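J.: Residue-level listing of the chains:
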Amino acid sequence: MKEVTVEITNESGLHARPATAFTQLAAKFASKVTIAANGKTADAKSILTVLTLGATKGTSVVLTADGGDEDEAVAALSEFLTTNHD
Amino acid sequence: MRIEGISGSRGVAVGNVYKYIQEEIIIPDNTVADSEVENEIGKFATAMAATLKQLDTIRQKALIDMGPEEAAIFEAHMQIAQDPSLSDGIKSLIESTGTNVVSATAQTIDTFAGIFLSMDDPYMRERGADIKDIGDRLMRNMLGMNPRGLSHISGEVILVAPDLTPSDTASLDKNVVKGIITAAGGPTSHAAIMARTLEIPAVMGVGDIESFVDGARAVVLGTDGVALMNPSDEEWTDYSAQAEAFQEELKRLKDSANLDAVTTDGHRVDLFGNIGKAKDADNAVTMGARGIGLYRTEFLYMENDDLPAEDVQFEEYKAVAEKLQGQPVIIRTMDIGGDKELKCLDLSEEMNPFLGYRAIRISLNRPDIFKVQLRALLRASAFGDIHIMYPMIASVEEVKAANAMLDTCKNELRSEGIAFDENIKVGIMIEVPAAAVIAPTLAKYVDFFSIGTNDLCQYTLAVDRMNEAIGHLYQPLHPGVLRLIKGVIDASHEQGKFTGMCGELAGDPMATMILLGLGLDEFSMTASSIPLIKNILRSVSKEECEAVAAHVLTLDTAEEITAYAKSVLEEKGLV
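Chains as they are written, first to last, in the working numbering: chain A, 34 to 119; chain B, 2 to 576.
Bear in mind the hints are in silico, worked out from the structure with no lab data behind them. If you're wondering where the values come from, they're calculated on a predicted model, not measured in any experiment. Check each hint, because a few of them may be wrong.
Using 25 Å as the maximum straight-line C-alpha spacing, the simulated DSS-like pairs for lysine-lysine come out as follows [said to hold, decoys possible]:
| hint | chain 1 | residue 1 | chain 2 | residue 2 |
| --- | --- | --- | --- | --- |
| 1 | B | Lys92 | A | Lys73 |
| 2 | B | Lys278 | A | Lys90 |
| 3 | A | Lys61 | B | Lys92 |
Put together the whole structure using the sequences plus the hints.
T.: In structure tokens form, the structure reads like this:
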């Protein structure tokens with residue numbers, strides 16, 4: 034299992050379209066991936082639970098991946114959260 | 002009968018009422034036996050497949066009718082529909098309690114929608130409505146109630162509905178639906194936004210649609226937010242003519258994109274677009290821009306933690322230059338100050354950021370940053386007609402210093418054997434009142450001026466645009482501001498230079514005739530304003546605009562000037 038903590042620096046946080054793109058990216062990996070923030074944990078492949086986190090710019094989130102491609106998943110997803118997409 | 006609502010989308014429409022009320026979903030309350038569980042889950046899969054297929058059809062239609070932004074809504078719908086937590090929730094309810102598939106779906110959808118609907122953020126609440134829309138579609142598919150949508154209506158109708166979901170709106174045909182009336186919603190509801198995109202007059206939030214009878218005559222006064230049910234014959238004739246005039250106006254605006262901005266006496270005006278990113282250039286051109294009058298480069302500095310490299314900037318500038326195919330592209334060098342937080346530049350917070358360390362003041366103090374941008378701009382000039390523009394100039398010394406750095410960069414490129422436009426034009430923004438006053442001197446050192454009316458007005462009138470308490474004092478048509486503008490234009494013409502304008506005033510129809518009369522050579526504005534301003538420019542003569550401008554300069558107050566400008570436009574039927 035692989036775990037990292039990152040601060041969201043993407044301007045619109047995990048909101049709107051970035052959340053859609055984030056879950057689409059997560060779905061590309063076979064590993065089980067979760068994202069935790071504000072005391073809640075979400076399935077990173079589920080747009081609904083990711084949106085309910087209410088993670089905005091500056092929020093610190095914990096990404097956890099468990100599976101064959103856990104390293105790649107964590108690397109790709111944390112890079113996503115720290116780049117701007119608008 | 003007159004029914005008051007809220008304006009959703011401008012314009013007038015007449016037609017016969019088509020009432021669109023979906024058949025209510027009746028959720029069965031039976032449970033299924035263990036042996037039936039698998040079959041029940043199978044029904045979910047079938048309904049899901051049908052739902053995704055329908056959503057994809059809607060998405061494709063939205064892409065053609067409304068563009069990629071609206072289509073993205075349905076892409077998001079498809080993703081929500083396929084969300085594992087939704088399907089897992091429904092399946093586990095069926096498995097653990099034997100709940101039937103429709104009821105399990107209703108319960109799961111309600112749980113999720115409820116979470117979103119209870120959030121403070123309006124964006125999140127809208128997602129709640131999206132989830133309900135998807136849930137409804139899933140359940141209708143399970144129950145064999147064909148979601149009838151709006152695609153089968155024929156003739157020309159006024160659509161009357163309790164509310165419209167995004168998928169309803171996306172499936173409607175604007176050749177059939179002439180107007181929209183909804184019981185719920187407001188100017189920011191999905192239905193209103195889509196109605197505006199489709200240019201269908203709409204009135205939202207009328208509260209009660211009981212009084213609208215299928216097939217009866219109705220009138221939509223979208224601009225006023227009023228609906229008329231069973232109008233008198235006289236009203237019907239009157240509004241039918243107005244509806245026709247509205248359709249003609251829309252057509253004229255669209256056609257105008259291909260027309261030149263030439264006055265009735267043959268004076269050609271440069272009508273350009275303001276953009277913030279290379280990709281915005283396409284839209285500006287589609288709306289009829291024949292050049293870019295202001296390309297803001299700030300985003301390059303705001304997007305990343307590091308300063309943008311020369312190659313990154315070069316690619317951006319080159320992309321715009323190439324898109325404009327030889328038409329002018331005026332690129333403003335970095336215009337950033339202490340009001341914006343910038344990771345790549347350690348700017349401290351200031352008491353008065355608009356009077357502080359910003360724009361050209363930073364650039365001149367940081368040649369390491371400025372020269373990177375100038376080199377990128379010069380290199381891109383080999384691919385189109387790029388003009389360089391310095392922001393926030395207040396003195397001759399600043400222009401000289403900036404031009405000296407530009408010369409250094411040119412020499413570097415020459416010695417490196419890199420191509421650039423040797424005759425590249427260089428201009429300045431006129432936004433500091435002192436610069437406007439010394440425009441005759443500044444004109445000696447530059448090829449053009451571009452008036453930034455937002456800041457010029459704010460500095461000249463000492464009015465903070467963001468301060469609501471003094472909002473009424475922000476008057477771009479203040480006689481003091483107009484006199485400065487006149488002085489700048491005259492100064493440029495005396496030395497064979499040109500003056501453009503890239504502030505909001507350039508896209509304000511009330512100002513068009515005045516500015517043309519004062520001799521403004523180039524108008525640059527947000528893409529959506531171009532058709533309207535072009536229509537005015539094509540309907541007037543330069544000569545009459547000069548008379549209007551001359552009269553305006555004799556008036557004492559902004560109020561008088563605005564009233565006069567409005568009366569002239571009204572007389573000519575341009576508002």
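J.: Now look at each hint and say whether the structure bears it out.
T.: Each hint tested on the structure:
A hinted pair counts as satisfied when its Cα atoms are at most 25 Å apart, and Lys92/B with Lys73/A qualifies at roughly 23 Å. Taking the CA atoms of Lys278/B and Lys90/A, the gap is near 22 Å; set against the 25 Å cutoff, the hint holds. Between the alpha carbons of Lys61/A and Lys92/B the distance comes to roughly 23 Å, so the proposed pair stays at or under 25 Å and holds.
Hint compliance for this structure: no hint is broken.
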